[in-house]
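K.L.:
Protein chains in written order, with the UniProt record's numbering: chain R, 1 to 433; chain V, 1 to 186; chain P, 1 to 305.
Heads up, simulated BS3-like pairs for lysine-lysine below, C-alpha to C-alpha not over 25 Å straight-line: (1) V:K160 / V:K181; (2) P:K35 / V:K130; (3) V:K65 / V:K33; (4) R:K246 / R:K168; (5) P:K36 / V:K130; (6) P:K65 / P:K35.
Each pair of labels, with its calculated beta carbon distance range: (7) V:N6 / P:I34: 40 to 46 Å; (8) V:H142 / P:D70: 32 to 38 Å; (9) P:E152 / R:D349: 55 to 61 Å; (10) R:A388 / V:D79: 55 to 61 Å; (11) R:D299 / P:P262: 53 to 59 Å.
The set of hints was computed from the structure by calculation and includes no laboratory data.
Glycine included, C-beta positions come from ideal geometry on N, C-alpha and C.
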Amino acid sequence: MTDYLIKGARILGGEPRDILIRDGLVAEVGGGLGGAGAAVIDADGLIALPGLVDLHTHLREPGREDAETVESGTRAAALGGFTAVHAMANTSPVADTAGVVEQVWRLGQEAGYCEVRPVGAVTAGLAGRQLAELGAMADSAAGVRVFSDDGMCVSDAVLMRRALEYVKAFDGVIAQHAQESRLTEGAQMNEGAVSGRLGLTGWPAVAEEAIISRDCLLAAHVGSRLHVCHVSTAGSVEIIRWAKSKGWNVTAEVTPHHLLLTDDLVERSPLGSYNPIYKVNPPLRTREDVEALRAGLADGTIDCVATDHAPHPVESKETEWSAAAMGMIGLETALSVVHAAMVETGLLDWAAVADRMSYRPARIGRVAGQGRPVEPGEAANLTLYDPAARTEVDPRGFASKSRNTPYEGLTLPGRVVATFLRGRPTVLEGKLA
Amino acid sequence: MSEARNVSRAVLEGPDIQRALTRIAHEIIERTKGAGNIVLLGIPTRGATLAARLGERIAQFGEVKAPVGSLDITMYRDDLRLRPARPLGRTELPPDGIDDRVVVLVDDVLFSGRTVRAALDALNDVGRPKAVQLATLVDRGHRELPIRADYVGKNLPTAKSEQVKVYLEEIDGRDAVVLIKREEDQ
Amino acid sequence: MRRHLISAADLSRDDATLILDTADELARVSDRSIKKLPTLRGRTVVNLFFEDSTRTRISFEAAAKRLSADVINFSAKGSSVSKGESLKDTALTLQAMGADAVVIRHSASGAPHRLANWVDGSVVNAGDGTHEHPTQALLDAFTMRRRLGTLEDRRVTIVGDVLHSRVARSNVLLLNTLGAQVTLVAPPTLLPVTVESWPCEVSYDLDAALPKSDVVMMLRVQSERMNAAYFPSAREYSRRYGLDRDRLARMPEDAIVMHPGPMNRGMEIAAEVADCARSTIVEQVANGVTIRMAVLYLLLGGETQ
Ligand SMILES: [Zn+2]
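Excised from the complex, chain R in its bound form:
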C-alpha cells in the first residue's frame, strides 16, 4: 500500500499542516513532515475534512440499475468527498431481509469507492403492515443499524411504536420519512402561494410536522432513538428543537437542496416552468423554511446534512409535472451546496461542516471508523477540498448514471480535489483514482 504525504492542508480550515497516511491510518500530523517513499500531494490552499458520511442515499441496486448501481453511485459519492453512504431500502426487491442487505453491502465492498451501509426496511416490503426482520438484518454481515421505510411513512402509530422499541435491542435507529399520507394524497408541491397559482395539489407543511410531533412523543415514551429524515419546514425545526430541549433522543437531517432551493423555482426558473427537475419528496419549500433550516443546522437542532441522492432516468423527468418521478441527485454537489448555503453565509465554519457532514451522521448510523477527527491513529478517511474554486454544474460530467440535478448551469463554490478511503485514494485531482 502506497503511503501518502499531504503537504500543507488546512485541517478543518485551520493552519496548514502535513498529513502522513500509512497503512490505512493517519500516521502523523504536523509541520514539515518527511515521508520517505510516500507519494506527495500538494494541498496548498486546500481544506482537509474527515471523509463525509451520507445517511440517506438511493443507490437503486438491486432493481433499477438503469438509474444507478452501487458502483456508479459510490463513484459519485467519492467524487463528492464521501467515504460512507447509507443505501436506502426502497430497492427491488426491498432491502427487508438479511439476504438483500448483505448483497448491497458486498457490492459496496467490491466496488471499493465508499463504505456502503445498507439501511433496512422497517416493514416487510415497505408495506407498512408488519415489521421486517430487523434483528436478522442487524446481525447480518451488513450490520444494519439504521432502519427506514423511506419514501413511505410508517403511518401506523402502533407499528411505529413497536419499531422504535424493537431496535433498542441492537442499538438501532428508526429513520422516519415523515409524511401524513391522507394530507398528501395527490400532492405535487409545497402548499403555498405558488401551488395555488400553478394549480398543483398542495403538500402542506403540517403533513410533515404532524408525523414528526407524534414520532417525537412516541420515541420519548418508549425511550428509543428516532431519526427524522430530510426535514423541510420551519415548523419541523421548531418541533425538533422542542423535543431536544426535553432531552429526548431525537436526531434529524436536512438535504442540501432544502438548504438552497425554494418552491418558486417550479413557477419560474432558467430551466423552465413546471420543470420536474424540481419535483422532490419532501417538496421544496419557501424562503422562510430555508432560513429556518439553515438556522437549525447552524445551532445543531438539525444534526446533519444528508443528500437524499435520488437518481432517475431521463424519461422519468422529461414528462409533465404530475407524471414525473420525485427526487434529485446530490452526492456530487452536496459539499458545494453546503458551502454556498452555510459557509459563505457565515452560518457554519469548516469544523462545523465536518461535524454536520461526517462526525454526527457517522454517530447516528453507528459507523465505526468513520466520522473521526483527522488525527494520528484514526482511519485515513478524508477529503481535500478547494474552497476557492468555482464550478459551473454540468451533469454530463457526473459519475452518477442519472442527470437529474437541479443545479445545472449554476455556478457553485468549491471543488473536491481528493478523497481517501481507509488510506487509499478514491479521488485524486478531482477525478476518480
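Once you've looked at the hints, dock chains V and P with the ligand against the given chain R.
P.N.:
Only chains V and P with the ligand this time, still in chain R's reference frame:
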C-alpha cells in the same frame, strides 16, 4: 462613414388633394352614368376616409346619395408572414349590401397591386357586385399584378426604394402627399 | 403577442385588448354568409386533446377552419398516447408533422409549458389540469365587454370551486389586467389556502356579494367533491352557493349571469336562471369561436418568430 437619412418632399398639398378628389368624383358620376347604382368601399384606414370624402362630393355634384362603406383586406393579404400579425381594420358594408351594384374600391396609394388583389378576394366573400372599379389618390407605379386604376388623382413617378405617405385631415390633422427618399451622405 | 398563449398572465393589457378588438372585427365575419377567411391557408393547427372536451375541441376546430388552416385532431383516447407514449414523444411526432400551432388540453397542470419546450410551433393552452384556461377567460372578457361596454372598474363575482378551477385562475388574472374588480366567493374548503395573495377580494358570503356585482360567474361544481369532504352535500352547497331566482333578484338590474359550462343545473345554477335573458351562457359559446379565431390569427397570422 456614410450615413443614411430620410429626405421628404410634399408632392401634393391640401388644395391639390381637394381638386383631385373633386375631379375623381366627377369622373365617377360620368363613367357610371349618374352614380345611381354605385357603392364606395374604402380600404382602411385612409382609403375609407377618402371614400367618405368622395361620397360627399358625389352627393353634391350628382345629387345622388352613394352608399359608402369600408372593406378591410388584412385577412386576405398575401404578405401576412412578412410582419407581425396586424390589427384588423373595419369592414362595414352599406345596409343594402353590394350585390348587383358597381363597387368603386377606394385606396390612397396604388403600388404593387397586391392590396387590390386582396380586396377583390375579400369582395368575393361578402357579395356579388355587378362590376368593380378602382379609385386611387396616387398611382406610384411598380405594379406586380395586372391591375390598373379607373380613377387616379395623380400619377407619381417614383423609385421603388422611395416611400409615399398620404396624410389626411381626419386622421393626421393635415392633408398632404409626401415622397420620402433615403439619401446616403458622405 | 408572445409565441404561445399558455397563461392569462402572459397577456399585457395591450395584448388582451388587441385580442378583444380583433375578435370584435371577426364577430362581423361570423354574421355573414361566407364565414371562411383565407388567412391561415397552408398552416397546420393540431388539436391535442388528452382529456375529453368535445365542446372546447369543436370550438377550436371551427375557429381554425374558418381561418382556412388545416386541422388535425389528435385525441389521446385510443391512440399511442393511451398506450404509454410520453408527452415528449407525442410532441416530437407533431413537430415532424410540421404543426404551426398545437392546441393542448391536458389533465396535468403545466403540460402546455412542457410541450412548449419540445415543439417549434405556437402552443395554445386549451385547459391544463387545475391551472389555467386562458381562451375561456378571453371569451368571458369578450362577452362581458360586449354586454357592459368596458371592463374597467366592473365588479365581477366568481362563485364556486375556485380551488380546482382553471377558469377561475385565468379569469382572475385577465380581469385584473383589464381593470375589473374581482371577488371570489366559495366555501373556504374550495379556495386555495393562499388565495389572499391573488389580485382579488375573497368572500364566503354569496348574498353579500350579489348586490355589488355587475357580473356573476358561476363555476361548475362536481358533486364528487363532497366525497372528499369539501362540502357536506349537494343540497347544502346549492343552498349556500347556488344561484337561484331569489338570488338573481338581489343582483343589480343590468347585471349578467355567466357560466363556462357544462352546467350542473340545480346544483350551482337553477335552470330558470341559466335560461333567463340576463344569462350569457349561449353567447359565451358563440364568442368562444370568435375569440379563438382572434388568438389563432394573432399567433399564426404574422411572421414566424
Ligand atoms: Zn424520503
